[in-house]
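Protein chains: 2
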Amino acid sequence: MSILVVGSIALDTVETPFAGADEVLGGAASYFSTAASLYNQVNLVAVIGSDFPQEHLDFWHSRPVNLAGLQNQDGKTFRWVARYHMDMNSRDTLDTQLGVYAGFHPVIPAEYRRSPLLFLANIQPELQLEVLEQVDKPRLTVLDTMELWIMTARPQLTEVIKRVDMLLMSEEEVRQYTNQASIVRGVRQLLNMGLKFVVVKQGSYGALLFGADGTYFSAPSHPLEEVVDPTGAGDAFAGGLLGYLSTVDPGPDGCYSIDDLKRGVVHGNILGSFVCEDFSIDRLRTLTLDDIAERYRAIVACSHFDPNWWPIKVSN
Amino acid sequence: MSILVVGSIALDTVETPFAGADEVLGGAASYFSTAASLYNQVNLVAVIGSDFPQEHLDFWHSRPVNLAGLQNQDGKTFRWVARYHMDMNSRDTLDTQLGVYAGFHPVIPAEYRRSPLLFLANIQPELQLEVLEQVDKPRLTVLDTMELWIMTARPQLTEVIKRVDMLLMSEEEVRQYTNQASIVRGVRQLLNMGLKFVVVKQGSYGALLFGADGTYFSAPSHPLEEVVDPTGAGDAFAGGLLGYLSTVDPGPDGCYSIDDLKRGVVHGNILGSFVCEDFSIDRLRTLTLDDIAERYRAIVACSHFDPNWWPIKVSN
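Top line first, the protein sequences correspond to chains A and F. All residue numbers for the first sequence refer to this note's numbering, where the first residue is 11 and numbers rise by one. All residue numbers for the second sequence refer to this note's numbering, where the first residue is 11 and numbers rise by one.
Chain A with its partners taken away, still in its complex shape (with noise of 0.2 Å):
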C-alpha cells in the first residue's frame, strides 16, 4: 500500500529566537516522506539541484522512500531562509531562491502511477493538476496548499480543490479562501465545493476533521514544554495521516472507515508534534513506531473522560 507524494525538497536555513540551523534538509515532500516511510512505501517525485547533500539521498535509502521520481537536474537546489518570532506560531520568510524547482514540471513514473493513496505537497496549484493529469484514480488525494497560491493563483486552487477528497488548511487559510470569519461556516462552503473531507490544522491546539457526511472530529495535540522548531509541522502531520491510512483497509466500497480517519488525524497530530522537537527531520530520523504508540497512549489519557452523564435535579 504505497503513498505517492509530489512536493518540494529544500535547503532550509532557520533562525528561532532561540536556536538556528543552516541548509538543512527541508521542504515539504522531505517532511512528508520520511514521516510517512515510517508507515509504508513512499513514492517521491521531487526535484534537486546538482549541489544536493548525498547523505539526504542515502538516508532516504536507508527507509522504504522510492526515488525512481527524484529529477536530479543540473542547478542549484531549492533555498529557504526564514526567522521566527518569539512565539514560534510566526515566521518571516527572509529570502527563497528556487533554483532548479523554477522550472520543475512532475513527472509520475509508470511505477508511480497505481500508489492508492496520493499526496500533492504544498507546491503550485498549476504543477498539483499536472499530477493529477497522470495518475490512476488513486482510492484518496489529499490536498495541501498555502497563503500564497488561495492570493496569486486562486482560480487553479480552486480546480485542484475541486478534484482532490481531502483537503488541509489551517485556519487563516480556510478564512481567506472563503472569506468566513466563522470556522464551521468556511468548512462547510469548502465542502459544498465537492470535498469529502476538510482537515483544519489549529497548530499547537490539534486538528479538526470534518466529513461532508457531517462527521465532526476534534484531535488533541501532544502538549510540547519546548518548541526547537515548528517547519514542517503541517508536512509531517499529512504523513502521519496518510502513513497511517496505507496500514488499514478501506471498506467495501473504496472508503476508509470515520474511525479510520480519526485515528489517522492524531497520527498527523502526533508526527507534526515530534518534528517540533528538533531542527530539520532530525527527530524523525530516530523516531520509531513504538516512539508513536507511546505518544498515542499519551494523548488518549489526556483526551478521553467518561462518557456518561445524566443531569442531576435541582432543588430550588
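Be a bit skeptical, because a hint or two may be false.
Intra- or inter-copy, both count: the list cannot distinguish identical chains.
Think about it this way: if two alpha-carbon atoms lie no more than 25 Å apart in a straight line, the pair counts; the simulated DMTMM-like pairs of lysine to aspartate or glutamate are [what the hints assert, rightly or not]:
#1 Lys-206 <-> Asp-316
#2 Lys-206 <-> Asp-175
#3 Lys-147 <-> Asp-269
#4 Lys-86 <-> Asp-102
#5 Lys-206 <-> Glu-236
#6 Lys-172 <-> Glu-235
#7 Lys-86 <-> Asp-105
#8 Lys-86 <-> Glu-33
#9 Lys-206 <-> Glu-235
#10 Lys-206 <-> Glu-169
#11 Lys-206 <-> Asp-269
#12 Lys-172 <-> Glu-136
#13 Lys-147 <-> Glu-169
#14 Lys-206 <-> Glu-157
In short, the hints are calculated from the structure, not lab data.
Given chain A, work out where chain F should sit, using these hints.
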C-alpha cells in the same frame, strides 16, 4: 452543596462587528451565578447601585441564587463599555465607571461561610484576600483573575495564588505572570507555588487541566457556527466547572477525583460555549440541564476515538 461566589455585577454596553447590546446584565459574578445555579444553590456576594434594574433581581429570585450577601448601595452600578474586533477574540474596553464598586468590601454572611465551594471571581486581589479571611476552610477554592491585576497588583495576586487550590488563567495570562513562553513550563511554575490545579482557558480551543499530581487533561470545546458575544465565557466556564463539582461527592480525603475534575472542565467548556450564543446571560435564561447533557454527548462524540493502536510491522 452550595457554591459561594464573590465578584462583580455590572451593566454592560457591548458592540460587536455584527450587533450590540445596551446596559445589559454583566459582570463576572452575574455570569457565574446564573451558570452555576443550573446545578446547585449559589451564595452571591457583590454590590449593586440604586439604579440596578429590579428585573435582574427577580430573575435570580427565580433561581437557587441566595442574595443575602448582595449589597445594595446608594449610587450607580458598575458600568463597562467594550467593542469587539472582527475576529471576536480581542476587544477594546472603551469605558469603565466603577460607581458603587469603588468602595466595595465583601462581607460574607454567616450562613455563607461554610459553603464547601468558593469561587473568587475576577476582582482586585486585595478583596479576594478579604474573602479568604472570612470563610471556614472550603473544600475547594478556585481563583480567577485578569491581566490588569497581573500588571498592577502582582504581589497581592501572588499572595492569593498561594492560598487557593485552583487557578484559572488564559494562555496569555500564564505567559504574562510567569514570563515563560512555554505554557507547560509556565504552569509548572504556578503549580510550584502550592496550587493543586491550574486550568488554562484557550477560548474557542477549549481548556487544559494541569494537576500538581501530574494530571494533564485537554478538554475539547464545542464548535460554534456563530459567536454572538463572547463576554462572560470565562465566568460561565467557572460556573459550569464548580456547578458540576457541586453535584458530586469528593473522596474520603475530601478531594475530588481526577475523573470528576475532567468532567467539570468539560462542563465549563459547555457553559462557556452556550453563553457566547447570545448577549449578556440571555442564553443561560432558558438553558436546561438537558441542553447541557445533549452538548456533553456531542463533545464526547466529537473528541473520543479508538484508544487502542499497536504499531504494525513495516517492510523496507
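Structure-based check of each hint:
no.	hint	result
1	Lys-206 <-> Asp-316	between (31 Å within a copy, 22 Å between copies)
2	Lys-206 <-> Asp-175	within (5 Å within a copy, 46 Å between copies)
3	Lys-147 <-> Asp-269	within (23 Å within a copy, 47 Å between copies)
4	Lys-86 <-> Asp-102	within (23 Å within a copy, 50 Å between copies)
5	Lys-206 <-> Glu-236	between (35 Å within a copy, 23 Å between copies)
6	Lys-172 <-> Glu-235	between (39 Å within a copy, 24 Å between copies)
7	Lys-86 <-> Asp-105	within (15 Å within a copy, 59 Å between copies)
8	Lys-86 <-> Glu-33	within (12 Å within a copy, 65 Å between copies)
9	Lys-206 <-> Glu-235	between (35 Å within a copy, 20 Å between copies)
10	Lys-206 <-> Glu-169	within (15 Å within a copy, 54 Å between copies)
11	Lys-206 <-> Asp-269	within (15 Å within a copy, 36 Å between copies)
12	Lys-172 <-> Glu-136	within (13 Å within a copy, 59 Å between copies)
13	Lys-147 <-> Glu-169	within (17 Å within a copy, 65 Å between copies)
14	Lys-206 <-> Glu-157	within (22 Å within a copy, 43 Å between copies)
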